[in-house]
Amino acid sequence: MTIGRLLPATVVGLILLFLALPIMVVLVVSFSEATYLTFPPPAFGLRWYRAYFGNDDWLRPTWLSLAVAAAVVVLSTVLGTLASLGLARLPRPLRVVASGLILSPLIVPVIVVAIGIYYAFSRFGLVGTPVGLVLAHTCLAVPFVVTSVSASLAGIDPRLEQAAQSLGATPRGTFLQVTLPLIRPGVIVGALFAFITSFDELVVSLFLSGSGAITLPRRMWDDLRFAIDPTIAAVSTLTIVLTVALLGVAHFLRKHGDVR
Amino acid sequence: MSEVVQAERGPPGPLISTRVAALEVRAPKRLTPLLLAAPLLLYMLAFYALPVLAMLLRSLGETEWTFTHYAALPTDTVFLKTFWNTLYTALIVTAGTLLLGYPVALALVRTKGVTAALILVVILLPFWTSVLVRSYAWMALMGRHGLINEALVAAGLVERPLRILNTPLATQIAMIHILLPYMILPIANALRQIDPSLARAASGLGASPWHTFRQVTLPLSMPGVAAGVLLVFVLSLGFYITPAMVGGPREITLSMLIAQQVDQLNWSYAACLSAVLLVSALALIGLFYRLPGIGNAFRMSAR
Amino acid sequence: MRDGASTGHGAAVALRGLEKSYERVAAVAGVSLDIHSGEFLTLLGPSGSGKTTTLMMIAGFEMPTAGDIAIDGQSVVGMPPYKRNIGMVFQNYALFPHLTVADNIGFPLKQRGVAKAERLRLVGEALELVHLPGYGNRYPRQLSGGQQQRVALARAIVFQPRLLLMDEPLGALDKQLRENLQLEMRRLHADLGITFIYVTHDQEEALTMSDRIAVMNEGLVAQVGRPEELYDRPASRFVAGFIGESNFLPAIVRGLEGDLVVAECDGTIVRAVCPSRPASGEPVMLTTRPERMRFIDAATAPETPHNRIRVTVTEAVFAGERCRYMLRTLDGTSIVLKEPSSAAIRRRSVGEQAEIAWSVADTILV
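Protein chains in written order, with my numbering: chain A, 1 to 260; chain B, 261 to 563; chain C, 564 to 929.
If we strip away everything but chain A, and leave its shape as in the complex, we get:
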């Protein structure tokens, strides 16, 4: 290898190390036996995992986050899929406006969304309730569902729907037997992103959690502000594993889910 090939490779290698290092550190620290954040850990063990699983103060927020995320998945997938189907058939000017509204949470700075929702929800007593969280998270999750389902829809050969009709399928029959099965990968990918978006969501939850609906990210945030407890490392590792697993599936589905 000449210097010409070695130098760029080293540079890229270092940058990739930079990318990977923090995650690896969290993983390592989570198995540390020390009571404070130190590196390298003096000994390894499952102490902090036991601390997590044995502590109701951690488990309750976990269940809440899972429940909220599940509800968000259902709500956002249903609303988002229906909307994608409608958006595809709208005349262009309407479509641009509608998709602008639906996708805007991706562009609007999240703090603005958070305090806007907080401002309105506090008037209706939705702060500190799981319902409030579900309603808010759905708005953030829906853009992912719509993007994914719309992309799937656009990939369907229009002749397939024509063919189905020529063979005697009514529009409803065409939708159920041809369109729906073909967008299924897109719907699933969208649902996975919706889950992760809600499960990991922090900024909006900071305002909406109040004291009655503490989510897992909110709990981690509080912990980090007031005490650096390596339990966080264990929780983080677990959430990393969950997120990577779900998004890994989504990634795989996106690349190979086309039934061509």
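Hints may be right or wrong, so weigh each one.
[Claimed, not checked] Simulated restraints, written as ranges between beta carbons of each label pair: (1) C/Asp631 x A/Pro93: 30 to 40 angstroms; (2) A/Arg92 x C/Gly593: 27 to 37 angstroms; (3) B/Ser463 x A/Gly100: 40 to 50 angstroms; (4) B/Pro479 x C/Arg910: 52 to 62 angstroms; (5) A/Ala51 x B/Leu412: 23 to 33 angstroms; (6) C/Arg579 x B/Arg460: 55 to 65 angstroms.
In short, the hints are calculated from the structure, not lab data. Glycine included, C-beta positions come from ideal geometry on N, C-alpha and C.
Assemble chains B and C onto chain A, guided by the hints.
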């Protein structure tokens, strides 16, 4: 025999891609698409758009409409300092991600097989991890007894642990790390779109690899670069979690200031600041979108 | 099925004044055509001629802006496609990727409420008909292009429609495969006895397969008739040029002789078949086919009434079955001549002066 159902369908068409289905089935029922999209549109209006708008309107005063809050901004030192700090951080972070991200994007596109897959994994894994966890990871790295300090002390480069955490530098490093994939992916997409025969043609005409890169590859990758720059900059402007966790106590970002003001119930002021932040983000996007090719690169890099 | 103008298994289709305009562009500008029950009719034309749009209107996927379509005497304009009971085969096959071959073929039967056992039987029969027995469990992506096209065909006929529409179904296949499938379709047509309406831009394909051809150009039907009629008696310059290869000879009318026209072409007198009665002195265009011309010696004159002209050979190409010559007349008109490449026929060389002759009956005024 065939069903006798009166349901009809409107003309179909794709949403985000540019493929057009030139289908027309009788007189289309224009109502159906609207009915399908209406639930979500109404939902977003009720629980997202109207709340945000209502909040923003608070910036115009409590009882009657006035622009005093906005008029006061140019002389508001706190705001100016914060806004400048936010912009400055965003600039540094954008530059940093561009410098570090471009080579990785090149590597991603130029390698094949296992190496390329490995690089992709290293990029995506942090990308898929929540911002909270990544910020925490940097706390673990940059703390007094974190990995960096321990390594420096052990190597004898410093005598006592450095103060890295809770400084502007910490914010910048952590944000660069978190936003790096948002720069790498659009650039990689744009690079992938470049016709490989162009580089071959340049080579055949006598251009060295460096010249080929500078005169063919780099210019053609610009839409991706622009998309990455835009994405990273706009996201940096709105960052809250990371600066709050690893940043210095004296340098706060605009979003942190907004959160503070909401905590103190200064709604009008907070709304005013939010409007400024929002308009800045939208203005940037509007500006960039006029550049050719950026729309595509932007779309394709969506997570 | 409804009665009316129908006999046997095939539907009779009547198009009357069919028009389709998009904004200010007329894709179909007034097509009237009668398609007989059980015939194989091809809509032939270059791209943009309106042939696919016409087919789409018959299928129900496009709404005519004017005119009527009647199938077996009943107007279908306004009837949605899924009620028309027409079979359709698309160029890119349009097989449902998420269904097996058997489920694809069974799809129309399912829409019609056919019971599962009966469905299986009919699907099996259809697969036999297109020579793909046992392929039921495969998925479309596992099949070759030709196999996919046959599945598409099976799917379109399994529910026994009286009319089958085909939109350039063989366009994506290579030459050999295309020719094989052309023969299969011909045979299928003979077996089923239903009406086939076929769209293509390939005139050879049209000539091979059709009972009748409707040549379309710029949204109108230029000529309709049997392949031989269109080939031997093209009604216009466009048809003469589009179907097969043609030579065009400019001439001036000198008079009429019965149902022939006498004209002067390149200094010689020629006679041509002429449906109309042009005036003397009028400039006209005569056309003839390259393979109907022969080199002659001054001595041997053909028996039947013929025209002859002096030429110079500008190019000579040996192309396997035939020899192809580019010739030039005295006043500069280019002529193509094709003759069989038998050893008995002397090959001409470039620059040679010669005389060619062809039958008057093969000379048409367009």
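Cross-check of the supplied hints:
A hinted range of 30 to 40 angstroms holds for the C-beta pair C/Asp631 and A/Pro93, which are about 35 angstroms apart. A beta carbon spacing of about 31 angstroms between A/Arg92 and C/Gly593 agrees with the range 27 to 37 angstroms that was offered as a hint. Under the hint 40 to 50 angstroms, the C-beta atoms of B/Ser463 and A/Gly100, about 44 angstroms apart, fit the expected range. Separated by about 58 angstroms at the C-beta atoms, B/Pro479 and C/Arg910 satisfy the suggested range of 52 to 62 angstroms.
Between A/Ala51 and B/Leu412 the Cβ separation comes to about 30 angstroms, which falls inside the hinted range of 23 to 33 angstroms. About 58 angstroms separates the C-beta atoms of C/Arg579 and B/Arg460, a value consistent with the hinted range of 55 to 65 angstroms.
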